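If you want the building blocks of each chain, they are given just below.
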Amino acid sequence: MKVSHYTVHSPRTISEALNILKDGAARPIAGGTDVMVQIKDDLVKETELLNLSYIMDLNYIRDDGDFIRVGALTTYSDLIRSRLVNEYSPVLVEAARTVGAVQIQNRGTLAGNVGNASPAGDGLPPLFATGAKVKLQSEASEREVDIGDYFLGVRKTVRQPNELITEVSVRKMKPGDYYFFKKIGLRSANAISLVSVAAVLVPAEVLTFKEARIAMGAVAPTVIRAKSAEAAILNCQLTDEKMKEVGRLASEEAHPITDIRATAEYRKQAIAGAVYEGLYEIVNGFRSPVNGSSV
Amino acid sequence: MEIEVSFVLNGKRVTVKAPPAKSLLRVLREDLDITSPKPGCEAGECGACTVLLDGKAVTSCLVMISQVQDREIWTDEGLVKDGQLDPIQKAIAEEGGSQCGYCTPGFVMSAKALLNSNPHPTEKEIVESISGNICRCGAYPRLVQAIKKVANE
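In order, the protein sequences belong to chains P and B. Going by my numbering, the first sequence opens with residue 1, and the numbers climb by one from there. Going by my numbering, the second sequence opens with residue 296, and the numbers climb by one from there.
This is chain B alone, in the form it adopts within the complex (with noise of 0.2 angstroms):
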């Protein structure tokens, strides 16, 4: 059995068939070709699938596609703006922050939604807001300094 679910997807609105169980992190990868949200442990536990989802970081592969009508969703994709990177993207790269780069699409949503909520975050706040994220290359000061650097802005 499928159900058609209809959302705002990094700013447009999409409409979408698929199991009604299905994560959304399937069906971002199997069925919109969003490929940035990761399928790492699909356990909530190494974050690697955070995506935006009304403002707020969550891990994708723990969402129900049934509980995202008329929600809004943002990937990494939908931050590069007429071939631009996002500001966070640009200093994670700049600074190292990416090494196999497995993790970092959900390293990068994570940071954006403390961003977005608290432009200006201490060191504690940072370290908090992507505790929720591994990086098993071990590149996390080079994380961390990458949102200072946005932060400091």
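Excised from the complex, chain P in its bound form (with noise of 0.2 angstroms):
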């Protein structure tokens, strides 16, 4: 489809925008990275585009007891600077840094990342290892999701075409917590991850584990945890063997494709190698965990 044949509607509020949408036909576009080199390959079937970059009242960082609230509109780089996201959000920071690079940071969303629902979304894992929800808003309702139950597949969600992603809420770490960001990529800028992991540690007493929530990218259609992996953490001393297991049962709970970037018996190894080297850090002193006031 040639580069005219599409129509841009570009509203200025939320609620135009949602009328605009309400009959399904138009897609979203927020910093436009991933629509934008959609349309270039030609993959978008919709003629109708929803530019939401002139809604100020999507560009947002809120503090809201429990959770921090972030507006559609809201920018990797924005959330790089946050302090609120940095001091809550540690383990979302440091996988915000590995989008794209600066370019991209800088017009790439988080919403985006949920919308395009890619299972490669370096942005993706941190909101399922610490609990995310993403708010849906159509013109006669407004719902919100649990991130756990949002992706069906790839490129698939529970979203509606009516409905718009308006806010994800990243649920706050605690003081106290451990996490890590891991991926593994053919260079560390502008490449997509071959396998990427987050993981968020709850601690019982010292470097023993209440809690352990393991979330894995492009292993699967979604972002998928390692339920198994996360189990095998809990109430015991994570020495090496016990780390080299916890990778192992990751890995077995991942089923990756191959593709042009990298075979699946590949994808298998980097994530049980990606969940050791990030408990490897938290045990070995590498990392420090949250203290609510690192800013």
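Since the hints were derived computationally from the structure, they do not count as laboratory data. Just so we're clear, the structure is a prediction, and the values are computed from it rather than from any experiment. Treat each hint with caution, since some may be false.
Per label pair, the in silico range of CB-to-CB distance [to be verified]:
1. TYR435(B) / LYS227(P): 40 to 50 angstroms
2. PRO414(B) / LYS45(P): 40 to 50 angstroms
3. VAL303(B) / SER228(P): 35 to 45 angstroms
4. SER15(P) / ASP326(B): 28 to 38 angstroms
5. ALA204(P) / GLY396(B): 57 to 67 angstroms
6. CYS432(B) / ALA204(P): 49 to 59 angstroms
We treat Cβ as the ideally placed atom computed from N, Cα and C, and that holds for glycine.
Quick one: dock chain against chain with the hints and give me the complex.
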């Protein structure tokens, strides 16, 4: 489809945007870093685009009790610079720093990563590891969906065509929580993840954990939790042998595909290594926990 | 279908008619005769089309012209004042940071974005700021040197 075949709506308010979206024909665009590539590759079937970039009410980071509320226009650079996000969701900041490069972080949004629903979206594993919610608004209704229930498959989500992602709420981590984010790519900038993993570990005593959430990217049609690996971490000493076992369990839960960038076998080994490496860094003192006033 | 978009380009207000989903990169090159941003990959991966949008480095291939109404855009052309190169342009030329030259305007704008917000960056910050720009001639050490030179002035 030629670029001249698209109609672009550019509303100034959320209610105008929801009105445009009510017949479900338009494709919402926040930063556009995914959609512009898809337009070039002729992968956008909609002829109508909903440009959100002038809706200033969608650009915010708000402290709301147990959650940080992030508007749909808030970019990765905004998250990296935010004192609040650095303090309460450092795992999200760590992931945000690996998104594309500066130019992409300046345009790309967390909500756009959710909306695009690629299993390799770098902003997504931290949302699963911390427990986020996606706000969907339509003209007639509004709902919040747990991140774990949001994705149905590659580029498939529970969002109805007349609904707009207006906000992603990120659950705050607690002082003392440990975390890591690991991304394996072909280079460190502007590379799609071969695999990625985010983890949040809640301590019981010194370096033993009562709660663990490990979320893996690019190893299944959606981001998935590594539940057996999580269970293996709880209430035990993380010896080197134990950490390797946790990595192996995570790998067993991964069911990646072979594609142009890597084989399934490579991805399974890489995820085991990434999980081991993250745990190793925590156990050996290379990582500090959330301290609640780190800035 | 075309729309009219008005924005500030290198300090001057311009108005252009274009298909609304056309990229800023293509509008700059084809409709406004601004050819320093280069169409390398046109997928946001090479950085050759980097411009400043409201002061921030962005790949202009990924910006829709519909998104820049009343925004401020700077390209390499705008950095030249009274025939004099900007310090970063001059330093890249002097340090041999420009080989074939295709990537150079993108590096200039990434460096400019960094130096505008952080006049005395560390080497790590310099490397990070240009990590979204690819130079296939491999002039990276000279580019880093050029940015350091301006930062130390």
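Quick rundown of the hints versus the structure:
1. TYR435(B) / LYS227(P): 40 to 50 angstroms: 43 angstroms, holds
2. PRO414(B) / LYS45(P): 40 to 50 angstroms: With Cβ atoms ~47 angstroms apart, the hint holds.
3. VAL303(B) / SER228(P): 35 to 45 angstroms: 56 angstroms, violated
4. SER15(P) / ASP326(B): 28 to 38 angstroms: Check passed, 33 angstroms falls within 28 to 38 angstroms.
5. ALA204(P) / GLY396(B): 57 to 67 angstroms: With Cβ atoms ~59 angstroms apart, the hint holds.
6. CYS432(B) / ALA204(P): 49 to 59 angstroms: About 55 angstroms separates the Cβ atoms of CYS432(B) and ALA204(P), which means 49 to 59 angstroms holds.
In summary, the structure is inconsistent with hint 3 from the numbered list given earlier, while agreeing with all the others.
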